[in-house]
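> Here is what each chain is made of, one letter per residue.
2 protein chains.
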Amino acid sequence: MNTYVNNENNTVFNVGLEKNQANYAALSPITFLQRAASVYPNRTATVYGNIHRTWQETYDRCLKLANALRSRGINPGDTVSIIAPNLPEHFEAHFAIPMAGAVLNSINIRLDAQAIAFILEHGESKVLLVDKEFSSVVKAALELSQNKPLVVDIDDPTWEDGETIGSIDYESLVNEGNLDTPHFAVQDEWDAITLNYTSGTTGNPKGVVYHHRGAYLNAISNSISWSMSPHPVYLWTLPMFHCNGWCFPWTIAAMTGVNVCLRHVRADDIFNLIKSEKVGYFCGAPIVLNMLNAADDDLKAGINHTVDVMTAGAAPPASVIAGMEELGFNVTHVYGLTETYGPSVVCSWHDEWNTKPLEEKAKLKARQGVRAPMLDGLMVADPVTLKPVPKDGKTLGEIFMQGNLVMKGYLKNPETTDESFSGGWFHSGDLAVWHPDGYAEIKDRSKDIIISGGENISSIEIEDVLYRHPHIQEAAVVAKKDEKWGETPCAFVALTPGSEGISDKDIIQYCREHMAHFKAPKNIVFGTLPKTSTGKVQKFLLREKANHL
Amino acid sequence: MNTYVNNENNTVFNVGLEKNQANYAALSPITFLQRAASVYPNRTATVYGNIHRTWQETYDRCLKLANALRSRGINPGDTVSIIAPNLPEHFEAHFAIPMAGAVLNSINIRLDAQAIAFILEHGESKVLLVDKEFSSVVKAALELSQNKPLVVDIDDPTWEDGETIGSIDYESLVNEGNLDTPHFAVQDEWDAITLNYTSGTTGNPKGVVYHHRGAYLNAISNSISWSMSPHPVYLWTLPMFHCNGWCFPWTIAAMTGVNVCLRHVRADDIFNLIKSEKVGYFCGAPIVLNMLNAADDDLKAGINHTVDVMTAGAAPPASVIAGMEELGFNVTHVYGLTETYGPSVVCSWHDEWNTKPLEEKAKLKARQGVRAPMLDGLMVADPVTLKPVPKDGKTLGEIFMQGNLVMKGYLKNPETTDESFSGGWFHSGDLAVWHPDGYAEIKDRSKDIIISGGENISSIEIEDVLYRHPHIQEAAVVAKKDEKWGETPCAFVALTPGSEGISDKDIIQYCREHMAHFKAPKNIVFGTLPKTSTGKVQKFLLREKANHL
Chain A
668 MNTYVNNENN TVFNVGLEKN QANYAALSPI TFLQRAASVY PNRTATVYGN IHRTWQETYD
728 RCLKLANALR SRGINPGDTV SIIAPNLPEH FEAHFAIPMA GAVLNSINIR LDAQAIAFIL
788 EHGESKVLLV DKEFSSVVKA ALELSQNKPL VVDIDDPTWE DGETIGSIDY ESLVNEGNLD
848 TPHFAVQDEW DAITLNYTSG TTGNPKGVVY HHRGAYLNAI SNSISWSMSP HPVYLWTLPM
908 FHCNGWCFPW TIAAMTGVNV CLRHVRADDI FNLIKSEKVG YFCGAPIVLN MLNAADDDLK
968 AGINHTVDVM TAGAAPPASV IAGMEELGFN VTHVYGLTET YGPSVVCSWH DEWNTKPLEE
1028 KAKLKARQGV RAPMLDGLMV ADPVTLKPVP KDGKTLGEIF MQGNLVMKGY LKNPETTDES
1088 FSGGWFHSGD LAVWHPDGYA EIKDRSKDII ISGGENISSI EIEDVLYRHP HIQEAAVVAK
1148 KDEKWGETPC AFVALTPGSE GISDKDIIQY CREHMAHFKA PKNIVFGTLP KTSTGKVQKF
1208 LLREKANHL
Chain B
668 MNTYVNNENN TVFNVGLEKN QANYAALSPI TFLQRAASVY PNRTATVYGN IHRTWQETYD
728 RCLKLANALR SRGINPGDTV SIIAPNLPEH FEAHFAIPMA GAVLNSINIR LDAQAIAFIL
788 EHGESKVLLV DKEFSSVVKA ALELSQNKPL VVDIDDPTWE DGETIGSIDY ESLVNEGNLD
848 TPHFAVQDEW DAITLNYTSG TTGNPKGVVY HHRGAYLNAI SNSISWSMSP HPVYLWTLPM
908 FHCNGWCFPW TIAAMTGVNV CLRHVRADDI FNLIKSEKVG YFCGAPIVLN MLNAADDDLK
968 AGINHTVDVM TAGAAPPASV IAGMEELGFN VTHVYGLTET YGPSVVCSWH DEWNTKPLEE
1028 KAKLKARQGV RAPMLDGLMV ADPVTLKPVP KDGKTLGEIF MQGNLVMKGY LKNPETTDES
1088 FSGGWFHSGD LAVWHPDGYA EIKDRSKDII ISGGENISSI EIEDVLYRHP HIQEAAVVAK
1148 KDEKWGETPC AFVALTPGSE GISDKDIIQY CREHMAHFKA PKNIVFGTLP KTSTGKVQKF
1208 LLREKANHL
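Respectively, the protein sequence lines represent chains A and B. First residue of the first sequence: 668, per our numbering; consecutive thereafter. First residue of the second sequence: 668, per our numbering; consecutive thereafter.
None of these hints come from the bench; they were simulated from the model. Mixed in with the good hints there might be a few duds.
Computed list of lysine-lysine pairs in DSS-like fashion (alpha-carbon distance at most 30 Å, straight line) [what the hints assert, rightly or not]:
no., chain 1, residue 1, chain 2, residue 2
1, A, Lys1023, B, Lys942
2, B, Lys1030, A, Lys686
3, B, Lys1030, B, Lys1189
4, A, Lys1189, A, Lys1030
5, A, Lys945, B, Lys1032
6, B, Lys1054, A, Lys1054
7, B, Lys945, A, Lys1023
8, A, Lys1114, B, Lys686
9, B, Lys1114, A, Lys686
10, B, Lys945, A, Lys1032
11, B, Lys686, A, Lys793
12, B, Lys1198, B, Lys1172
13, B, Lys1028, B, Lys967
14, B, Lys1172, B, Lys1114
15, A, Lys945, B, Lys1023
16, A, Lys942, B, Lys1114
17, A, Lys686, B, Lys793
Ranges between beta-carbon positions, derived for each pair [unchecked claim]:
no., chain 1, residue 1, chain 2, residue 2, range
18, B, Glu1027, A, Gly740, 50 to 56 Å
19, B, Gln854, A, Gln688, 20 to 26 Å
20, A, Gln688, B, Gln688, 27 to 33 Å
21, A, Asp1085, B, Lys1114, 54 to 60 Å
22, A, Gly740, B, Phe1207, 55 to 61 Å
Since we're looking at a predicted model, the values are computed, not measured. Where is the CB? At the ideal position from N, CA and C, for every residue including glycine.
All chains, please: the whole structure from these sequences, using the hints.
See below:
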């Protein structure tokens, strides 16, 4: 950092000028809800089927729920968990639970009973809100768990499947509360607001703790990254359990927007809501964009306004960007981790790129980019020395982040917390190059890189080539131990139906034609790929397999 | 406040999760400049005549100036003053001076030598940057002042008048610095960033201290209030010495916009720049809008884009709003004080107001409004008990603010600081009513209210009526002591040329026809009104005069 420090505090500017109640307030996204309700009480806050609730109604419900939780013995610093789709209740939980002084723990709906049980125990949940769609897996989790939280059913009348398993339902709990009791006032903006478990591909998930300050700042950073219009209409395609929906519940409150809620991510629902609610913004993984691209033309027809889309998780291919642009959708590529409140890096667009050919635009947009407005530091550097790599677009380094959009740390895990912060930077574990214009582009996860004959080979680069093969449906590349080279790339490949004639030699040959020879995989293994509950390929299993070929 | 406090900090969420260099950074607007220069190095930052500088160039110049100031012995917490129009140098000072760890003191260019001398002494300035246009008054001030700062000339080649009076010029000072030395890194966001003297109508000005946190947050609050587009083109009609240009130097850096600089606020320059630079935003007092309205049609012609205008200081009359709308200018009314970083209250617009008749729209827009996005508390309350007044649009109370957009305090003035923060709220001194929709509307300064027979009479209300009289050019109303009523309103009036036939009786009669009889002034005094250097009427002089009639 191009800075120096001086701690002389004995100037006239530090005498008789202390913080007090008049001139200081803890940063907390709860204030966004308070302001929305006081300035625009009658504007719509949440839409779900026939339910339309205003900001005043939403604030009142949160106030009552916070009060009800307090009355049931929830104390500041207690954990309240939720397993639910993107319903209005899930949005409300992002405010009501901190308004009780408690910490929101939104659990991935795709986890199995064992993983849920682990989280309930590790996170010490006192209350669990659960939507009926997930009551059977939660029931099994509760049987496994030593911790037995108060279970509250979210009983969506438009969802018929699933039984209620709680001792009270959400609406009754809300109605236990009253409007007259003050809610919790955050005094220290460093206090925890949420707890998000990472979906690690190995071992137990880690509990990432967010604080009020970071939630407030990333909410605002989102709105600036996207230059959001006033009162944005936001469609909830991105799960709220992913980094608290990338902090967008708080962004939408700050902007007094509309939360268009959605149980399932389906092309018909999405297009119909975009048209009927005039949705202007949504977020989603490239797979969601793919699904929309592939939808029927009659679904796509009739959108006469601009839609801004934020995507992360993988670079959107050119064909996806082109398809989106044809629909009038403008795609912003962002990057982040659970540890950085979701997107903390953004591929900030330059106007002069608009006139470039599509392929080139897609290449520019495929880069992860630069620090988001409120991230304080971003660098690509040597993983050990933390010396920044040259901005040559070639030298591989690890991505490091610094500042207010970095988590408080991992819950009850000081060793891993310290490790991840060693040297004063957060270690992302993602390997990238730094382009001359300062934009970072990820090449691999650090543990997935293949070091062959002293050369770093990006598994992602090989996978990109494999995905372009017309008969390959899915591919994953890992390192295989090798006496001569140290490691060599080994590809696991699932073919499209009817491609049985393709041999491993064909594929290796194809790779050699499309990349440096030393990078081409030495082994090809056919078959389906093992995945986690969130759809991530379990490369550690493939590595074991590769080493036992 | 509808909140309660709990200081239990002994939860699992506060163990092993402390602040460190990786996960915490002090909020400071300097980071906006760093990001603008690193992400958009080649975008234009400042425009002034033939000068066009990019964000990289601007950052480099700031880095060098900061380094040069350090080399000349400026230490963290030292004061550096500037007296200059809205030039690129003035913009740079908003970053370079804090980057030296110093505190920027931007002095009102309309002050006389004595007032400037007072500020240089009270603020303990170590360096004074001065534009040639003001060198003669500054020279006189320096002769009066016991404090003799290093004087640096800003030698604008497009401005021929005035002599250079310093020991070095700005460009040479910049060139003394180097790019390789790190600049000051703010460790405590509560550290002072600027010092702004109020233009009190009585007594010596007070030094209002801003900190990095507040400057950062109000900069962002501005951009949200206005829903600014990316890379906004901002015209510098509002003086940078007014609350640091309402914090817009930092806003424009945060948005990587363009600062279109301007020496004098003239209709021809403004219209020409709006057209040639495609200006999208500017701020100004209603008098500036008036001037633009009154400009020649050929100046006004040819604007084909929307221009957003922020105004404060007085409510914009319906005719001004109508004129602006005809030009395609959209007016936002804001309110604040030097003590609240400029605008901290905004008349947030509601879409449903668009269809109302102009007069009604103007009435709605004339209200000061609600808290800006990042102001934490706003209320209209009893000045003594701090009990909020009913939201009935009638009951008079004082406006109080709370939170991060309230100053650090008054420099070397702990008594007045404590007084202004007593009860945990900042006392604005402005009297207002609170409308049922939560919007505040100012009726008077607390010291200007007239209490007659136990009734509060707003001097502003009487002045509004007087201003509608076709032969009155200027008017000011103050309290005159009265044995029977306690106080009665006394009006000081300047007539338009050729209105000599108008008598005091005519005016009193006019008032009685347009307001409750008890509110009509009992005395009318003709003549010009005494004003401060910033154009504020000196009501304390009029009060003395009224009591000696």
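> It remains to establish, for every hint, whether it holds in the given structure.
Hint-by-hint comparison with the structure:
Note on A/Lys1023 and B/Lys942: the hinted pairing holds, with a Cα-Cα distance of about 28 Å set against a maximum of 30 Å. Between B/Lys1030 and A/Lys686 the alpha-carbon distance is near 37 Å, which puts this suggested pair outside the 30 Å criterion. For the hint pairing B/Lys1030 with B/Lys1189, the CA-to-CA distance comes to about 28 Å; that is within 30 Å, so the pair holds. With a CA separation close to 28 Å, the supplied pair A/Lys1189 and A/Lys1030 stays within the 30 Å bound.
For the suggested pair A/Lys945 and B/Lys1032, the alpha carbons sit about 28 Å apart, so the restraint of at most 30 Å is met. Restraint check: the Cα-Cα separation between B/Lys1054 and A/Lys1054 comes to about 58 Å, which exceeds 30 Å; the hinted pair is violated. Restraint check for B/Lys945 and A/Lys1023: the C-alpha separation of about 24 Å stays at or below 30 Å, so the hint holds. At most 30 Å may separate the alpha-carbon atoms for a hinted pair to count; A/Lys1114 and B/Lys686 meet this at roughly 28 Å.
A threshold of 30 Å between alpha carbons decides the hint, and for B/Lys1114 with A/Lys686 the separation of about 28 Å falls inside it, so the pair holds. Between B/Lys945 and A/Lys1032 the alpha-carbon distance is near 28 Å, which keeps this suggested pair within the 30 Å criterion. Between B/Lys686 and A/Lys793 the alpha-carbon distance is near 27 Å, which keeps this suggested pair within the 30 Å criterion. The straight-line distance between the Cα atoms of B/Lys1198 and B/Lys1172 is roughly 26 Å, inside the 30 Å bound, and the hint therefore holds.
Straight-line distance between C-alpha atoms of B/Lys1028 and B/Lys967 comes to about 23 Å, which keeps the hinted pair within the 30 Å bound. Simply put, B/Lys1172 and B/Lys1114 have alpha-carbon atoms about 27 Å apart, close enough for the 30 Å limit, and the pair holds. Proximity of A/Lys945 to B/Lys1023 is assessed by CA-CA distance (about 24 Å); at most 30 Å being required, the pair is judged to hold. Of the pairs offered as hints, the one joining A/Lys942 and B/Lys1114 is violated, with about 55 Å between alpha carbons and a cut-off of 30 Å exceeded.
With a CA separation close to 27 Å, the supplied pair A/Lys686 and B/Lys793 stays within the 30 Å bound. Checked against the hint of 50 to 56 Å, the C-beta distance between B/Glu1027 and A/Gly740 comes to roughly 51 Å, which is consistent with it. Between B/Gln854 and A/Gln688 the Cβ separation comes to about 24 Å, which falls inside the hinted range of 20 to 26 Å. Between A/Gln688 and B/Gln688, the C-beta spacing of about 30 Å keeps the proposed range 27 to 33 Å intact.
Here the CB-CB span from A/Asp1085 to B/Lys1114 is close to 58 Å, well matched to the stated 54 to 60 Å. Look at A/Gly740 against B/Phe1207: about 59 Å separates their beta carbons, and that is inside 55 to 61 Å.
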